[in-house]
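Please work from the sequences and hints to get the whole structure.
Residue numbers (the numbering used here), protein chains in the order written: chain A, 154 to 702; chain B, 154 to 702.
Hint data in this document are derived by calculation from the structure and do not stem from the laboratory.
Below 20 Å or equal to it, Euclidean Cα-Cα: the simulated DMTMM-like pairs (lysine to aspartate or glutamate) are: (1) B:591 x A:356; (2) A:358 x A:296; (3) A:358 x B:611; (4) A:333 x B:589; (5) A:591 x B:356; (6) A:353 x B:589; (7) A:331 x B:589; (8) B:353 x A:588; (9) A:353 x B:611; (10) B:331 x A:589; (11) A:358 x B:589; (12) A:353 x B:607; (13) A:699 x B:468; (14) B:353 x A:607; (15) B:699 x A:415; (16) B:358 x A:611; (17) A:699 x B:634; (18) A:694 x B:634; (19) A:353 x B:610; (20) A:699 x B:417; (21) A:358 x B:590; (22) A:245 x B:700; (23) B:420 x A:700; (24) A:699 x B:415; (25) A:358 x B:588.
Chain residues, written in single-letter form:
Protein chains: 2
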Amino acid sequence: MIDFQTDPSRYKHWRIEIDGDVASLIMDVDPQGGLTEGYELKLNSYDLGVDIELNDAVQRLRFEHPEVRAVVIKSGKDNVFCAGANIRMLGKATHGHKVNFCKFTNETRLAIEDASENSKQIYLTAVNGSCAGGGYELALATEHIMLVDDRRSTVSLPETPLLAVLPGTGGLTRVTDKRKVRRDRADFFCSTEEGLRGAKAVEWKLVDETVPSSKWNDAVKARAREIAKKSDRPSGAKGIKLAPLDRKIDSGRISYSHVEVEIDRDKSIATITVRGPAVPPPSSVEAAHQLGGAFWPLAMARELEDAILHLRTNEAAINLLVFKTEGDPQVVLAYDDFLLEAGDDWLMREIRHYLKRVLKRLDVTPKSMMALIEPGSCFAGTLAELAFAADRSVMLVGNREGDNKKPATVTLSRANFGPYPMGNGLTRLQTRFLDDDKALKAAEDKIGQPLEAEAADELGLVTFAYEDFDWDDELRVMMEERASFSPDALTGMEANLRFAGPETMETKIFGRLTAWQNWIFQRPNAIGEQGALKLYGSGVKPAFNKERV
Amino acid sequence: MIDFQTDPSRYKHWRIEIDGDVASLIMDVDPQGGLTEGYELKLNSYDLGVDIELNDAVQRLRFEHPEVRAVVIKSGKDNVFCAGANIRMLGKATHGHKVNFCKFTNETRLAIEDASENSKQIYLTAVNGSCAGGGYELALATEHIMLVDDRRSTVSLPETPLLAVLPGTGGLTRVTDKRKVRRDRADFFCSTEEGLRGAKAVEWKLVDETVPSSKWNDAVKARAREIAKKSDRPSGAKGIKLAPLDRKIDSGRISYSHVEVEIDRDKSIATITVRGPAVPPPSSVEAAHQLGGAFWPLAMARELEDAILHLRTNEAAINLLVFKTEGDPQVVLAYDDFLLEAGDDWLMREIRHYLKRVLKRLDVTPKSMMALIEPGSCFAGTLAELAFAADRSVMLVGNREGDNKKPATVTLSRANFGPYPMGNGLTRLQTRFLDDDKALKAAEDKIGQPLEAEAADELGLVTFAYEDFDWDDELRVMMEERASFSPDALTGMEANLRFAGPETMETKIFGRLTAWQNWIFQRPNAIGEQGALKLYGSGVKPAFNKERV
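Structure, rendered in structure tokens:
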């Protein structure tokens with residue numbers, strides 16, 4: 154099992170050093186510390202384990218260190234910044250592992266950009282040595298790239314010439330769409346093994362500045378301080394501790410405080426039940442700070458995120474995620490109000506953005522998703538986003554026979570109209586009602602009103618509403634049918650249908666770039682016995698089928 | 154060899170019937186008329202041959218029939234509109250053929266949309282029978298879909314449930330982004346083999362109207378007449394004849410009047426030389442009409458298009474297209490002025506949009522492209538777009554030793570700033586200078602001025618400028634290097650780098666949707682011995698590897 158939970162005391166590959174309002178995030182990969190056997194993580198090359206620590210570090214800096222305003226990513230090794238993803242690892246990995254690894258890495262890169270933009274914990278990269286492939290892709294995710302001018306250190310994306318794959322963790326897209334490198338120069342750069350350095354790297358917009366070795370340390374410090382000044386993070390605030398999750402993993406069940414995952418491998422279904430808050434929101438923002446990691450929205454988000462990552466990585470044969478909720482919708486709505494009314498408070502802001510990121514992980518999860526809205530559920534506000542993220546939602550009309558719970562409702566809150574945009578920049582409801590402002594407005598007019606099945610259906614908020622006597626049969630057929638389809642076709646279908654409307658750098662990375670990389674990751678020219686990825690480092694030249702497809 | 158040239162006298166599968174300002178484009182596929190052996194085109198299913206005729210028909214309607222303002226696509230068979238792409242054909246096809254076929258089909262669908270939008274030859278579909286998969290994708294490419302309400306006829310996208318592939322010729326994207334079908338409904342529709350019909354199909358926006366059988370013919374006629382009224386096409390104009398191309402194909406060379414293709418299979422290079430016009434533009438628009446298919450921009454566009462399609466389909470192992478031009482830049486510019494000043498003239502408008510479409514075919518051609526700008530060339534205005542479409546352009550500084558031709562120039566015209574947008578909605582220069590309005594403006598200020606290498610380089614219009622003594626070596630290395638890379642990695646790299654900036658429905662189709670389909674087209678769940686595409690029609694159920702990737 155691959156575990157996404159860690160903490161700095163267990164890091165093998167990263168160090169966090171904090172100096173006033175500037176943190177250094179130092180990559181110093183332990184060559185022997187690979188996630189599995191069979192490869193050495195030389196030259197600061199990385200595997201999923203290294204990225205799990207990075208993800209944890211980025212997250213903790215946001216929550217545990219409100220005082221940090223700028224984060225410098227640097228290398229703890231001499232003459233090498235980072236050699237990118239470990240090729241031996243990629244050469245041995247299954248197709249599924251490669252794809253999962255790239256997705257998580259992309260999510261972490263986007264989390265870094267989200268921290269710079271929305272937490273004003275602004276990232277820069279100090280490239281003090283060769284910086285290749287995924288190493289440069291990591292640098293691209295930061296807002297400012299400094300390159301030491303020692304006549305040796307270069308930035309490069311050598312994937313195409315060396316490995317017959319793409320700079321697929323955002324590289325190609327960020328080069329053209331973020332850094333706005335001219336496309337013909339990007340073509341040259343991405344097909345040049347040795348990369349670029351010095352003035353040309355600056356002129357081509359690949360880095361922001363070069364600095365002579367002699368002035369390097371001072372220049373990095375000065376730049377970080379300057380960038381820190383642009384941040385609006387509070388001074389004197391106290392971070393909260395992200396304590397280890399309360400989690401119990403059995404063969405067919407994962408239990409957290411607020412999230413329960415039931416795994417039915419025969420049916421390829423995992424049912425994720427999110428429990429609403431047991432108590433009303435605290436009396437003040439200060440009291441919420443006191444609760445820290447125990448504050449329901451944060452605790453729930455951490456548990457849900459862990460469950461999603463676990464299911465993606467460790468339960469590949471699970472095809473369908475069924476979302477359920479349990480609790481009092483009014484209390485969920487009270488937390489939404491609390492979070493939104495806290496406005497500028499740094500911690501509440503962090504929590505809102507974190508909920509956004511967790512929900513985005515759902516959008517790119519390669520599993521079908523269905524929400525079941527039943528009596529006793531609390532699909533309200535933030536939790537209603539689970540239903541809007543799902544490929545379908547099904548709602549029970551009225552009561553179940555012999556059950557005296559009140560009929561199920563969906564209740565909207567302001568949380569459904571802004572704070573949780575998808576990767577395409579739209580809210581899930583905007584994406585749902587793409588050309589239909591009237592429908593969107595009609596939904597907005599119902600904020601705060603519990604909507605029973607007929608009303609929710611009328612407003613277009615659920616896919617189907619079934620009466621009790623149809624419910625079991627309809628769902629059984631729907632789920633059996635879904636399980637009978639090709640998992641690949643479903644993944645492709647969902648990756649297209651979930652992102653209607655505008656595309657952004659983020660959706661381009663997960664759509665266009667990822668899809669092409671996945672294609673290439675299957676091609677004999679990369680992974681065949683004579684493929685470049687397979688033969689890398691062996692001294693044997695790859696043999697390509699020359700046909701262009 | 155697959156030939157993309159045809160004409161109505163040779164059609165096996167389509168008929169064009171014209172009644173006043175309405176044309177009917179009738180699909181009546183000859184089951185025995187497949188492009189290759191081994192499958193029957195039953196139930197109006199299609200292969201590349203059927204699509205080649207459709208592409209020809211769409212093109213001829215625009216040029217040969219200015220009087221036609223609305224085009225009704227209908228079926229010539231009872232009870233079936235179109236069953237989509239032929240599955241036996243797909244099951245037997247190589248990966249390369251499948252990808253090529255889908256690309257050409259997508260281009261034809263987009264040409265239909267271009268005709269509706271820009272030629273005001275507006276397409277509608279009269280679905281008088283079952284309309285499945287690619288059949289419905291064809292209907293989606295038209296502006297209005299009518300469905301007969303006979304309690305049997307349905308529209309459907311059964312690819313995922315039946316075949317384990319995607320509705321990949323635009324289907325998924327057009328359902329969400331063009332017709333704005335709600336994403337959860339799209340999910341249901343695209344996973345429902347039997348499709349939808351009647352009022353529900355209208356409510357879900359899958360079709361625009363249903364009509365009872367008894368009123369069908371009259372309703373289709375009336376709707377077509379009504380749609381024709383929205384067109385601005387001229388009355389009383391006379392079409393021009395698209396005569397067979399003047400083309401000679403040898404093993405290593407394809408010669409047209411204005412285009413020459415030299416194929417070097419050892420080096421995997423095809424050199425495409427476009428010759429500028431031999432004579433100045435005609436004295437008037439009327440005279441250009443008289444010239445018809447012999448008018449240089451039109452003749453050149455047809456030849457270049459045929460060359461591109463030929464190389465894509467019949468020369469898969471050619472990796473690199475080298476563009477050269479020959480002629481007088483001033484005469485090319487005179488034609489640009491002529492075309493742009495003709496404003497509303499229907500034929501000049503057609504030619505401008507056709508040039509746009511031909512250049513777009515380059516953008517999605519899976520081959521590396523390099524433009525060589527040498528003395529004697531005429532990279533001016535429209536022909537300079539070849540250099541901007543290329544992945545790189547290389548320009549010779551000054552003269553070649555022993556050659557008294559004047560130094561090469563690049564000259565911009567208004568044609569580089571508007572009439573030929575790429576699929577992303579931007580011109581090639583806008584895409585090139587994505588965030589750099591100043592650079593774009595600086596280029597625009599030079600319209601009409603011949604720019605020698607240094608000036609062109611300074612303005613960012615070429616990738617590299619080399620002196621004569623470096624030229625041969627630099628190019629040799631560059632081309633050898635390109636030929637040594639994995640063709641798949643290059644295809645993926647180029648598909649990402651060529652489309653910086655905004656995404657549109659068109660780039661989503663060629664980027665996101667196509668890439669996922671290509672991925673799926675390689676997966677064992679589709680094409681393995683037990684895959685759904687392989688086993689379709691055999692009565693044997695496919696066996697899927699259940700892991701989600």
